[in-house]
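Position 122, counted from 1, in the sequence shown is what our numbering calls 128; the numbers after and before it change by one each time, with no gaps.
By construction, these hints were calculated from the structure, which means they are not laboratory data. Quick reminder that beta carbons are idealized off the backbone N, C-alpha and C, glycines included. Fair warning: there could be bad hints in the mix.
Here are the simulated distance ranges between beta carbons [as the list claims (entries may be wrong)]:
1. Ala222 <-> His42: 31 to 37 angstroms
2. Ser153 <-> Val173: 17 to 23 angstroms
3. Pro200 <-> Gly180: 22 to 28 angstroms
4. Pro200 <-> Ala175: 37 to 43 angstroms
5. Thr124 <-> Arg217: 27 to 33 angstroms
6. Asn192 <-> Arg39: 48 to 54 angstroms
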Amino acid sequence: MPIQEVTHGAHVIFVDPLQRDDHRWTARFQICRAGHIVRDWEDIEMPEGFISPQLALSASVLLAEHRPPPKLTPDRRPIDVAPAIQERFMTALFSRPRIAVPLLVTTLAASASAATLTVVVEGAQGRQGAVRAAMFRDAAGWLKADSAVRADIAALDSVSGGNVTFVYADLPAGRYALSVFHDANNDGKLGTNPAGIPIEPYGFSRDARGRFGPPAFDDAAIDVQGDQRVTIHLH
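Please work from the sequences and hints to get the whole structure.
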């Protein structure tokens with residue numbers, strides 16, 4: 007991935023995603039102000055190909071200890087300017103979930119065109135905690151806790167094979183998008199490191215991924231017109 011440039015207030019943050027020998031990823035930061043480097047190439051671990059808004063915004067923490075500005079070498083200059091990062095990321099969408107068995111059947115509203123959407127979540131790590139899922143119907147409410155049409159949870163200690171299945175019955179025809187994560191410590195929110203990087207597995211319908219934060223609603227939306235089965239892979 008190319009070096010990205012993010013503006014945060016009076017500071018310009020260069021973010022350089024690097025893949026290490028062990029196939030894990032690191033985000034390397036360089037922070038400049040008024041043409042001077044105030045923090046030079048700090049490394050923070052990150053999931054593959056993912057830079058969250060918090061990753062860039064919380065880089066301001068690195069400003070607490072300014073260093074004398076070294077010379078900016080050509081190989082450290084940005085080669086691409088990224089679009090503005092999204093302002094938010096999912097952290098605690100599911101603070102008041104409805105407890106469910108692993109095979110969860112939920113009814114929204116019966117209609118002549120009602121369908122059943124079966125969602126299989128794969129990739130939970132271990133059997134601790136639970137898998138939490140939230141369903142949204144439009145872009146305006148996407149990833150806003152109070153706009154979720156459903157927020158559900160399935161405990162992993164009673165599942166076999168590490169997969170969880172949510173079944174949404176009597177679902178009116180339309181577009182729906184889901185966000186899920188493995189709440190390993192069962193604290194009701196997506197765990198992140200101090201830089202805002204998710205440290206618990208998460209995923210979205212259609213296995214959508216965003217470039218700078220979560221994917222857009224349109225990228226994750228499923229067009230439900232009849233009975234359908236989809237799989238979401240946690241990563």
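- Task: Can you let me know if the beta-carbon spacing of Thr124 and Arg217 is within 27 to 33 angstroms?
- Result: 29 angstroms, holds
- Query: Does the hinted range 17 to 23 angstroms hold for Ser153 and Val173 at CB?
  - Reply: At 22 angstroms between Cβs, range holds.
- Query: So the hint says 22 to 28 angstroms: do the beta-carbon atoms of Pro200 and Gly180 match that?
  - Reply: 39 angstroms, violated
- Given a hinted range of 48 to 54 angstroms, is it respected by the beta-carbon distance of Asn192 and Arg39? 41 angstroms, violated
- Would you say the C-beta atoms of Pro200 and Ala175 sit inside 37 to 43 angstroms of each other? At roughly 41 angstroms between Cβ atoms, Ala175 and Pro200 fall inside 37 to 43 angstroms, so the hint holds.
- Message: Holds or violated: the 31 to 37 angstroms window for the beta-carbon distance between Ala222 and His42?
- Response: 36 angstroms, holds
In summary, the structure is inconsistent with hints 3 and 6 from the numbered list given earlier, while agreeing with the others.
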